[in-house]
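Number of protein chains: 2
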Amino acid sequence: MPNKEIPYKIYLEENEMPKQWYNVRADMKNKPAPLLNPETLKPMTFEELRHVFCDELVKQELNDTDAYIDIPEEILKFYKMYRPSPLVRAYCLEEKLQTPAKIYYKFEGNNTSGSHKLNSAIAQAYYAKQQGLKGVTTETGAGQWGTALSMACSYFGLDCQVYMVKVSYEQKPFRREVMRTYGAKVTPSPSETPEVGRKILQEHPGTSGSLGCAISEAVEAAQAQDGYRYVLGSVLSQVLLHQTIIGLETKAALDKYDIVPDIIIGCAGGGSNLGGLISPFMGEVLRGEKNYRFIAVEPSSCPSLTRGKYVYDFCDTGKVCPLAKMYTLGSGFIPSANHAGGLRYHGMSSILSQLYHDGYMESRSVEQTAVFQAAEEFARVEGILPAPESSHAIRVAIDEALKCKETGEEKTIVFGLTGTGYFDMVAYEKFHNGQMEDYIPSDEDLKPGFAGIPRFPGNEI
Amino acid sequence: MPNKEIPYKIYLEENEMPKQWYNVRADMKNKPAPLLNPETLKPMTFEELRHVFCDELVKQELNDTDAYIDIPEEILKFYKMYRPSPLVRAYCLEEKLQTPAKIYYKFEGNNTSGSHKLNSAIAQAYYAKQQGLKGVTTETGAGQWGTALSMACSYFGLDCQVYMVKVSYEQKPFRREVMRTYGAKVTPSPSETPEVGRKILQEHPGTSGSLGCAISEAVEAAQAQDGYRYVLGSVLSQVLLHQTIIGLETKAALDKYDIVPDIIIGCAGGGSNLGGLISPFMGEVLRGEKNYRFIAVEPSSCPSLTRGKYVYDFCDTGKVCPLAKMYTLGSGFIPSANHAGGLRYHGMSSILSQLYHDGYMESRSVEQTAVFQAAEEFARVEGILPAPESSHAIRVAIDEALKCKETGEEKTIVFGLTGTGYFDMVAYEKFHNGQMEDYIPSDEDLKPGFAGIPRFPGNEI
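Chains A and B supply the protein sequences, listed in that same order.
Under the working numbering, the first residue of the first sequence carries the number 1, and numbering increases by one thereafter.
Under the working numbering, the first residue of the second sequence carries the number 1, and numbering increases by one thereafter.
You may find that some hints are simply not true.
List time: in silico SDA-like cross-link candidates among lysine to any residue, alpha-carbon distance up to 25 Å [unchecked claim]:
id : chain 1 : residue 1 : chain 2 : residue 2
1  : B       : LYS102    : A       : TYR257
2  : B       : LYS325    : B       : LYS447
3  : A       : LYS59     : B       : ARG293
4  : A       : LYS411    : A       : GLU203
5  : A       : LYS9      : B       : LYS447
6  : A       : LYS447    : A       : GLY332
7  : B       : LYS77     : A       : GLY332
8  : A       : LYS185    : A       : PHE156
9  : B       : LYS256    : B       : GLU220
10 : A       : LYS9      : B       : ARG293
Not the full set, but computed from the structure, chain B residues with beta-carbon under 8 Å of chain A [to be verified]:
id : residue
11 : GLU14
12 : MET17
13 : GLN20
14 : LEU76
15 : TYR82
16 : ASN110
17 : PHE156
18 : GLU177
19 : ARG180
20 : LYS185
21 : GLY434
22 : GLN435
FYI, nobody ran anything at the bench for these hints, they're computed from the structure.
Remember, it's a predicted structure, so these values are computed and weren't measured experimentally.
Note that beta-carbon positions come from the ideal geometry of N, C-alpha and C, so glycine has one too.
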C-alpha cells in the first residue's frame, strides 16, 4: 500500500465527484417503518403524499429498494459551484491535543447558506421546477435551511415562502436579510395567515414560536395555494438521500489516500447531516464488508436518541403531518429557551432511528458549555468558526482523540463539520460572558412531551 | 495547445502552491517614493521604522530590489489550512449575462476572517513571534482585518489589541465577538487610553471615530508597551507583498489551463487585495513580456485614485505615522456616513499609486446602489454572498462582460472576490428597503481634505 503524504485538505477532482446518491435503505434488512396516515393509521400512499410533496420526491421517500439513484445533470451542475467540500486533516488540532489519533473533518460550511443544507435544497427545488410548480413553502428555525432553500429557488426561478420561528426572526434579522437577498418571502411564525397559525396564536398569545409549529404553517400554506408544495430540510428519507453526497465524497477522498476510519461522528438534530455522512459507510457494515463505530451527538437538552421513545409520533406540533416511527420526545416537546444551538427537533430520522434501534450506531448527549469550549478550541487552532450545531460533533471528536492519548491508540476519527457560526455570535457572546448555563431535563421534565405521543395498538410507550 | 475542459473551480495541489512572495517593486523602473519622516522630511530609516514595526517587516518594507522573498515554513503551514483559494469560472454568471466573455474570480472569502486579510495577518504575526514580541496592536474598521489578525495571533499565542472604529464597534457586535473568540482585546476608538484618543475625544466629544484615528491610537498603544509593535492591514508595501499569494495562485491556476486574461479587476481601498492580485501579472508587463489591462475600482464617495492628488500625505488622522507618497484625498477626509461598504481609506498604496501614475493601470469609481445591484445579481447566480467591498469589482466585471456582449468579443476577465458579506447585512437591508442613496462628493466637498495635505517644497498640490 503506497504511503502517500496526506494533504491538509483533500479535494476531489470534478470527474471524481459522485454522480449518484446512495440509498442506505436498500441495504437495510429491517427497513424503516413507513409514514402513517394519522386518521387511518395505514401507510401513506403516493397519492396521499403527492398533495404535500413533489411527485419525484415522494417516489424517493417511498423507495427503499434502489441502492443508487442518479443525480440529475442540473443538480450536478449546481453542486459544482460549491462542491466538492474539502475533507480536512486536522493536523493543528491533533498537535494541540497531543494525540496519536488522526482526525479528519468534512467541512460543509463553504457556501453562503453556511451549512450542508444546500445539498438537499437544490435537489428539492429542482424537482419542484421539473414538475412545473410555481413555488415552495418551508419552515426554518435558526435560518440555515431557509437560506439554503432561498438560494436554490432563486437559481431555478421559483417562489420561496419561508415560515421562520418568530424568536429567530426577531433575533436574527441578518439571516432574514440573506434570504431576502435571494428573493424569498419570510414570515414570522406563528403568523396570522394560515389557519393553524391563527389558531396557535389564539391559544398561546404572544408565543415566540417553535419549529414544529412553523412546519404546520408551511404545510398548510402550500396546500392553500395552487402550484405550491411543501419542502422539509431534515428528518425525511429523501433529505438523507440527497445528503449522502457528503458521505460519498468523504469516502472517495479517504479511499484516494487509503485511509480507513475507525470512528465516524456527526451531530444529530433531525439527522440529515449525520445520515448523509454515514450512509455509504453504514452500507458497508450492513453488507458485512467493513466495521466502523458511528456516534450520533445530540444536545443534552434535546436528547431524542439518548432518552426518547421509539414509537410513531407526529412530525409537527400542529399535527397536520403524517406519523413517523422514530425516537421522539413527543411533538409537543420544546427545548429549554436557554439552549443556544440548533438541533432542537423533538424527533429523529426514521432511517437513523431504525439503525440505532438495531445497534448499528451509538449516541452521546453533550452539554452546551462543553460544546462551546470545544468550538472555541477548534476555532483557535483550525481557523474555522464552527456553528454551535457542528460543535457537538467537535466535542465528541476531541473526547475520543483524548481517549486515544490515554491509551496510545492511533485511531482515525472522521467527523462532519456541518457549518459556520457567523450568525450565532449571540450564543458565543453569552459563552464569553459566562452567561451560558447547562440544562439537563429531569425525567419529570420529559413527561409532558411523552404524554402527547398518540397511542394506538402497537404504539405503546 | 491542449484544449482542456475548464472546471468550475480550479484548486492548486499543495505541491503547486507558491513558496515565495513576489515583490513587484524589483521590476519597477520608477520605484515607489520612500516613506518620509514628517519632521525631517528625510526617508525613514530602518532604525526609525523598527520602533513601530517588526524588524523583518521593516526590511520587507524597504526592500525594492529582491523580486522573490521566501515564505517561511510556518506561514506555508498556516496557508495550507485555508489555501489555496479557488479560482472560479463564473459559468452561471456568464449564462445569466448572455456574454461571450469568460469570467473568472479568485475567491478569498473561505476562511473565518471572511476575506483575504488573513494572508498578511499570519505573516505579520509570525514575524512578531519570531522577534520574541509579546503582542501587537492594530486598528480595524468594519472588522475584517481585526478578525484576521486575531486569528493569526491566537495561532502563535500572541496578545492582540484591536482599536475598532467606534461606530463599527457599536453596530457590528458580532464582528467584535468573533475577535473575542480568538482571544483579542477589542477597544472602541477613540478611547480614553492612548493620549491621542483622549485628545481626539476632547476635541470632538461624542465622535463615532474613523480609521485614520484608530490607526493613530494603535500606533501610540504599541509604543507605550514593552514588547509590542504596531501592524497594519493594507497600504504598506509589506502587506502588498504578502498578498501576492493571491496573484501567484491565480496565475498558476490560469497557466495550468493555458488561460490568458485580457482584463484583471480588483476593488481598491488601501490597495492590498488589488496589489496582491495584479502584482505577478504587472511584473510581466513591466518586463515587457505580456500586456494586460488592470482596473482598480473604488467607491465614488471615496475616490482616491480617480480624484485624489498624487502627493506626500499622512497615513493617519492623528499624524503620528510617516508620510507616504500616494494618491490621497487628504488624511482628514472622512467619507460620507451614508457610504455602506468599506474602502473608506483616504489614500492608496504607494506601489499602486506609482503604477497608476505611470499609466500601467486604469481606475473606475462606482456608486453604491449599482454595486449592491451587482452584488445581488452575483449572489443569485453564483451562490456566494459577496462583501460590499468585493462587489465593487463585480460591478465592473459585469460592465466589461456586457461590453463584450455588445461587441461580440470573447475577452477573458479575471476579478478578485475578496470576501463574504455575512457581517454586512445592515447594508444589504438598506438596499432591499430602497433606503440606500448614492453620494458623489462635489469638488467643493473634497476641498477641506486637500487643504489638510502637508505642503513643503516638491509637495505642492
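Do the hints match the structure? See the list:
With a C-alpha separation of about 35 Å, the suggested pairing of B/LYS102 with A/TYR257 is violated against the 25 Å cut-off. With a C-alpha separation of about 19 Å, the suggested pair B/LYS325 and B/LYS447 falls inside the 25 Å cut-off, and the hint holds. At roughly 53 Å between alpha-carbon atoms, A/LYS59 and B/ARG293 are farther apart than 25 Å, so this suggested pair is violated. In summary, the hint linking A/LYS411 to A/GLU203 is not supported, as the alpha carbons are separated by about 53 Å, beyond the 25 Å threshold.
Under the criterion of a C-alpha separation no larger than 25 Å, the hint pairing A/LYS9 with B/LYS447 is inconsistent with the structure, at around 52 Å. For the hint pairing A/LYS447 with A/GLY332, the CA-to-CA distance comes to about 11 Å; that is within 25 Å, so the pair holds. The straight-line distance between the Cα atoms of B/LYS77 and A/GLY332 is roughly 50 Å, outside the 25 Å bound, and the hint therefore fails. Using a Cα cut-off of 25 Å, the hinted pair A/LYS185 and A/PHE156 holds, with the two alpha carbons roughly 16 Å apart.
Of the pairs offered as hints, the one joining B/LYS256 and B/GLU220 is violated, with about 47 Å between alpha carbons and a cut-off of 25 Å exceeded. Note on A/LYS9 and B/ARG293: the hinted pairing is violated, with a Cα-Cα distance of about 34 Å set against a maximum of 25 Å. Of the supplied interface hints, the one on B/GLU14 holds, with its beta-carbon coming within about 5 Å of a beta-carbon of chain A, less than 8 Å. Given the 8 Å rule on beta carbons, the hint for B/MET17 is violated: about 10 Å separates it from the nearest Cβ of chain A.
A distance limit of 8 Å between C-beta atoms decides the matter here; for B/GLN20 the minimum to chain A is near 20 Å, and the interface restraint is violated. At its closest, the beta carbon of B/LEU76 sits 11 Å from a beta carbon of chain A; the interface hint therefore is violated under the 8 Å criterion. With a least beta-carbon distance of about 6 Å to chain A, the hint placing B/TYR82 at the interface is held under the 8 Å criterion. The interface hint given for B/ASN110 is met, as the beta carbon of that residue sits about 5 Å from the closest beta carbon of chain A, less than 8 Å.
Nearest Cβ of chain A to the Cβ of B/PHE156: about 11 Å, over the 8 Å cut. The hint is violated. The closest approach between the C-beta of B/GLU177 and any C-beta of chain A is roughly 4 Å, which is under the 8 Å cut-off, so the hint is satisfied. At about 5 Å, the closest approach between the beta carbon of B/ARG180 and any beta carbon in chain A falls short of 8 Å, and the interface hint on this residue holds. The beta carbon of B/LYS185 comes no nearer than 12 Å to any beta carbon in chain A, farther than 8 Å, and the hint placing it at the interface is violated.
Among the interface hints, the one on B/GLY434 is violated; its C-beta lies about 12 Å from the nearest C-beta in chain A, farther than the 8 Å criterion. Hint status for B/GLN435: violated, given a least beta-carbon distance of 13 Å to chain A, over 8 Å.
Against the hints set out earlier in the document, violations occur for numbers 1, 3, 4, 5, 7, 9, 10, 12, 13, 14, 17, 20, 21 and 22.
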